[in-house]
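**Q** Per the working numbering, residue 33 is the first one in the sequence shown, and the count goes up by one each step.
Where hints are given, some of them may not hold.
[What the hints assert, rightly or not] Subject to a maximum C-alpha distance of 30 Å in a straight line, what follows is the list of computed DSSO-like cross-link-like pairs (lysine-lysine):
id	residue 1	residue 2
1	Lys145	Lys175
2	Lys175	Lys88
3	Lys175	Lys148
4	Lys88	Lys145
5	Lys88	Lys148
If you're looking for bench data, these hints aren't it; they were derived computationally from the structure.
Every value quoted in this text rests on a predicted model; they were computed, and no experiment measured them.
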Amino acid sequence: MKRILFATLILFAHSGCSNNTPVNSNIPYAIVSFAIDVAVSGADNELREGMLGNSKIYTTTHPATLSTSFGRYGYSGVVVVRAYDDRLYAFDICCTNEVDRNIALESDGFFLKCPKCGSTFEIGNGYGIVNQGPAIQPLKNYKVTGYSGDRYQVSN
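Based on the provided sequences and hints, a complete structural model is requested.
**A** Here it is as structure tokens:
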């Protein structure tokens, strides 16, 4: 009985550990599908390994170079960050307090800030959690999957 209980606890403990598991969000669903190249000579080289805390925002007006003809950039746009653990994470840049696709969060170092309500979200840790402000929900996150060397697909 103790072995079964132990195995069950281990299973549950590891079932929610993926950094790319989308969380429930109040941000409406919108397709996310674009590719980035983080090689030293790539268009997104500021996101290469070792560039901790760097981020880049992608929108329809500022698309990813590899995906200009077919890229889909979420509800308000997508920020990709090289987090403190040297992994890539992606979040929608719509404030979870305002929920308005026309009010995009702005980069403020390791944080994103809402220009309307002032909420700030920490992205350098890979979680998109609220740091300050009236917002209470974390940012909507998306999957980042490596597919060829220094190339990654961002999707939902």
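**Q** Mind checking the alpha carbons of Lys175 and Lys148 for me, to see if they're no more than 30 Å apart?
**A** Within the cut-off at roughly 27 Å; holds.
**Q** For the pair supplied as a hint, Lys145 and Lys175, is the alpha-carbon distance within the 30 Å limit?
**A** 22 Å, holds
**Q** With the threshold set at 30 Å, check whether the alpha-carbon distance from Lys88 to Lys145 stays at or below it.
**A** 14 Å, holds
**Q** What's the verdict on Lys88 and Lys148, does the C-alpha distance respect the 30 Å limit or exceed it?
**A** It holds: about 21 Å lies between the C-alpha atoms, which stays within 30 Å.
**Q** Given the proposed pairing of Lys175 with Lys88, does the C-alpha separation stay at or below 30 Å?
**A** 15 Å, holds
Going down the numbered hints, you'll see the structure goes against none, and every one checks out.
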